[in-house]
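Asks: The residues making up each chain are set out below.
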Amino acid sequence: MKEILSYQSVEVCFNGKAVIHDNSFALHEGEILGIVGESGSGKSTLLKAAMGLIGNGGMVTKGDIWFEGKDIPDLPEGELRQIRGEKIGMIFQDAGASLCPIRTIGEQIYESMCAHRKISKAEAKEKALELFEKLNFKDGERIWDSYSFELSGGMNQRVGIVLAMLMQPQILLADEPTSALDVAVQRQVVQEMLQLREIFGTAIILVTHDIGVVSAMADTVLVLKDGHIVEYGEAAKILNNPEKEYTQKLLAAVPKLRRA
Amino acid sequence: MKKYVVKRLLQLIPILLVITFLSFGMMRLAGSDAVMQKMENTGMVVSEEVMDKARAELGLDKPFLTQYFVWLGNLLKGDMGTSYISGKEVFPTFISKLPATLLLTVVSILLTIIISVPLGVLAAVKQNRFTDYLIRVCSFIGNSMPNFFVALLLMYFFAIRMKVFPVIATEVSIKSVALPSFTLAIAMSAKYLRQVRAAVLDELSKDYVIGAKARGVRFSVTLWKSVLRACLVTILTLLTLSIGSLLGGTAIVESIFLWDGVGKLAVDAINMRDYPMIQAYVMWMAIIYVCVNLITDLSYRVLDPRIRLGGEKA
Numbered sequence: 001m002k003e004i005l006s007y008q009s010v011e012v013c014f015n016g017k018a019v020i021h022d023n024s025f026a027l028h029e030g031e032i033l034g035i036v037g038e039s040g041s042g043k044s045t046l047l048k049a050a051m052g053l054i055g056n057g058g059m060v061t062k063g064d065i066w067f068e069g070k071d072i073p074d075l076p077e078g079e080l081r082q083i084r085g086e087k088i089g090m091i092f093q094d095a096g097a098s099l100c101p102i103r104t105i106g107e108q109i110y111e112s113m114c115a116h117r118k119i120s121k122a123e124a125k126e127k128a129l130e131l132f133e134k135l136n137f138k139d140g141e142r143i144w145d146s147y148s149f150e151l152s153g154g155m156n157q158r159v160g161i162v163l164a165m166l167m168q169p170q171i172l173l174a175d176e177p178t179s180a181l182d183v184a185v186q187r188q189v190v191q192e193m194l195q196l197r198e199i200f201g202t203a204i205i206l207v208t209h210d211i212g213v214v215s216a217m218a219d220t221v222l223v224l225k226d227g228h229i230v231e232y233g234e235a236a237k238i239l240n241n242p243e244k245e246y247t248q249k250l251l252a253a254v255p256k257l258r259r260a
Numbered sequence: 001m002k003k004y005v006v007k008r009l010l011q012l013i014p015i016l017l018v019i020t021f022l023s024f025g026m027m028r029l030a031g032s033d034a035v036m037q038k039m040e041n042t043g044m045v046v047s048e049e050v051m052d053k054a055r056a057e058l059g060l061d062k063p064f065l066t067q068y069f070v071w072l073g074n075l076l077k078g079d080m081g082t083s084y085i086s087g088k089e090v091f092p093t094f095i096s097k098l099p100a101t102l103l104l105t106v107v108s109i110l111l112t113i114i115i116s117v118p119l120g121v122l123a124a125v126k127q128n129r130f131t132d133y134l135i136r137v138c139s140f141i142g143n144s145m146p147n148f149f150v151a152l153l154l155m156y157f158f159a160i161r162m163k164v165f166p167v168i169a170t171e172v173s174i175k176s177v178a179l180p181s182f183t184l185a186i187a188m189s190a191k192y193l194r195q196v197r198a199a200v201l202d203e204l205s206k207d208y209v210i211g212a213k214a215r216g217v218r219f220s221v222t223l224w225k226s227v228l229r230a231c232l233v234t235i236l237t238l239l240t241l242s243i244g245s246l247l248g249g250t251a252i253v254e255s256i257f258l259w260d261g262v263g264k265l266a267v268d269a270i271n272m273r274d275y276p277m278i279q280a281y282v283m284w285m286a287i288i289y290v291c292v293n294l295i296t297d298l299s300y301r302v303l304d305p306r307i308r309l310g311g312e313k314a
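Line by line, the protein sequences give chains A and B. Under the numbering used here, think of the first position of the first sequence as 1, with each following residue one higher. Under the numbering used here, think of the first position of the second sequence as 1, with each following residue one higher.
Bound-form chain A, shown alone (with noise of 0.2 Å):
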């Protein structure tokens, strides 16, 4: 399959100090990649180079990351902000958070369709509608004109999800999408991630500490430590047969609870 998204010895730097040392790896049209690692081993940092989000006092200091022949790190604001949403959506750990709490969860769909192309409100609106519906959303139309406070924690997770596929990006790059979710809810959210890949074909980077995510969705996983690959390859391989005596604990630290 094609490579669609390409890291070459990224480093990344926050105030001169490293927190991701040579990582590469690559992701494939519809391929789904689960980053696992503990808290603070730089998942998030390494998913928000992509879209140039890494924010105040962090940046690429070596290496790149290659999207349709251009090095991210390297394009203008102008440039990274088109492909921002439009052929890169993200989702966040705590979707409700992402919205802006004064304003209707229509309004911030409309303005983020508009950011990318000319469309009527009603236009966006029916496309969000349908989206909603492809997900099996049963009251788009409330939900529409809600505000992001008035809908519960998996609700904005889900509308997170729609939000990053409005404009039918090729890459989805989730930052610990359930990690703030019930377990049912959390399944629901996994249901329609897999989904967006067979509806649309979208490629996904999964960055999550729970293994359980991961080995519900991924093809592909990549073990992350303080910055460095641990192991990097195929899911069914290194979650059932780890090499790395690292992955190993890792996967023994996954609670198993059983009745007494």
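Fair warning: there could be bad hints in the mix.
Stated by the list, open to error - Within a straight-line C-alpha distance of at most 16 Å, the following computed EDC-like cross-link-like pairs (lysine to aspartate or glutamate) qualify:
#, chain 1, residue 1, chain 2, residue 2
1, A, Lys127, A, Glu141
2, B, Lys62, B, Asp33
3, B, Lys97, B, Glu171
4, A, Lys2, A, Glu31
5, B, Lys3, B, Asp297
6, B, Lys225, A, Glu141
7, B, Lys206, A, Asp94
8, A, Lys48, B, Asp207
9, B, Lys191, B, Asp207
10, A, Lys225, A, Asp22
11, B, Lys225, A, Glu107
12, A, Lys138, A, Glu126
To be verified - Distance windows between CB atoms, simulated:
#, chain 1, residue 1, chain 2, residue 2, range
13, A, Ser152, B, Asn128, 37 to 47 Å
14, A, Gly55, B, Leu258, 54 to 64 Å
15, A, Lys62, B, Asn128, 49 to 59 Å
16, A, His228, B, Asn128, 58 to 68 Å
These are computed hints drawn from the structure, not numbers from a lab. Heads up, the beta-carbon is just placed ideally off N, CA and C, and yes, glycines get one too.
Given chain A's structure and the hints, the job is docking chain B onto it.
Replies: Below, chain B alone, put in the same frame as chain A:
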């Protein structure tokens, strides 16, 4: 909603009762009274008998509580009394000073908004860069200069040197309101632009700004539609506090520019122990603060859906 407004307006009644009673009492504690002040000012030496007679005419010889209830009874009949000093009726005198104060308030608040909001936003967006430092230095200077000093500087440059504006306001007009309102606006803007800057910075650090960026929304769109709207509540709170105190008159600026507003009237009334006039002023202030706060609370509901919807559910 209607119920809420009526309830708030009804609260005005006990507030007015308590406030007028307190101000009535405190003026009596001040020591001298209107008769003594009047005599002192005219420089005449008069006997105790004459003074007692004058007091009896004004009703000042009666016990304190009787005086208060007589005043209150007259008020309920729509009579605010006559000034002890000028002998004119209080209500029309007070009303005649209002246009000047209202004009000064409106113009200086508008100037403050025009100066402080754009500069505050600019300083926040350019945080820790040259523009930000420059704006903050200007704000620091504006904050450090007392009102009367700014007034004198403005007078010197714009009235005496350039002769653009009159030194003393002889009439209530846009031209003569310029200098006093600028004086007030400079001090308020210096203070508020820092608050606006802090409010905008606070909003800019929120996750939804990154969220909008990740969806490809232009920064300017996020700034105008989300960040500034969210900051409006803070800005509005600041402004209404100022509107309240400006409507009460600004004694120093009004005196320097001989601006004939209620602030000067109040200070004169206090100096002369002109009780009926003071009472009118105190009531005016109470009504202003209650109304301004009410309007602010109502506008919060319009600006912030969290307050509006939270209130409806409760």
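Asks: Below or equal to 16 Å on CA atoms is what counts here, so check B/Lys62 against B/Asp33.
Replies: Roughly 13 Å separates the two Cα atoms, so the pair holds.
Asks: For A/Lys138 and A/Glu126, compute the direct alpha-carbon distance and say whether it is at most 16 Å.
Replies: With a Cα-Cα distance of about 14 Å, the restraint between A/Lys138 and A/Glu126 holds, given a limit of 16 Å.
Asks: Straight-line Cα separation of B/Lys225 and A/Glu107 no greater than 16 Å?
Replies: Holds, at about 10 Å.
Asks: Between A/His228 and B/Asn128, does the C-beta distance stay in 58 to 68 Å?
Replies: 33 Å, violated
Asks: The hint says 37 to 47 Å between A/Ser152 and B/Asn128; measuring C-beta to C-beta, is that right?
Replies: 39 Å, holds
Asks: Decide if the proposed pair is consistent with the structure: B/Lys97 and B/Glu171, CA atoms, cutoff 16 Å inclusive.
Replies: 12 Å, holds
Asks: Taking the beta carbons of A/Gly55 and B/Leu258, is their distance inside 54 to 64 Å?
Replies: Because 56 Å falls inside the window, the suggested range holds.
Asks: Do the alpha carbons of A/Lys48 and B/Asp207 lie within 16 Å of each other, as the hint requires?
Replies: 14 Å, holds
Asks: Check the hint pairing A/Lys2 with A/Glu31 against an upper bound of 16 Å on the C-alpha distance.
Replies: 10 Å, holds
Asks: Going straight from one Cα to the other, do B/Lys225 and A/Glu141 come out at no more than 16 Å?
Replies: With Cα atoms ~22 Å apart, B/Lys225 and A/Glu141 exceed 16 Å; violated.
Asks: For the pair supplied as a hint, A/Lys127 and A/Glu141, is the alpha-carbon distance within the 16 Å limit?
Replies: 12 Å, holds
Asks: Just to be careful, I want the Cα atoms of B/Lys191 and B/Asp207 compared with a cutoff of 16 Å; is the pair within it?
Replies: 28 Å, violated
When held up to the earlier numbered hints, the structure conflicts with 6, 9, 15 and 16 and fits the remainder.
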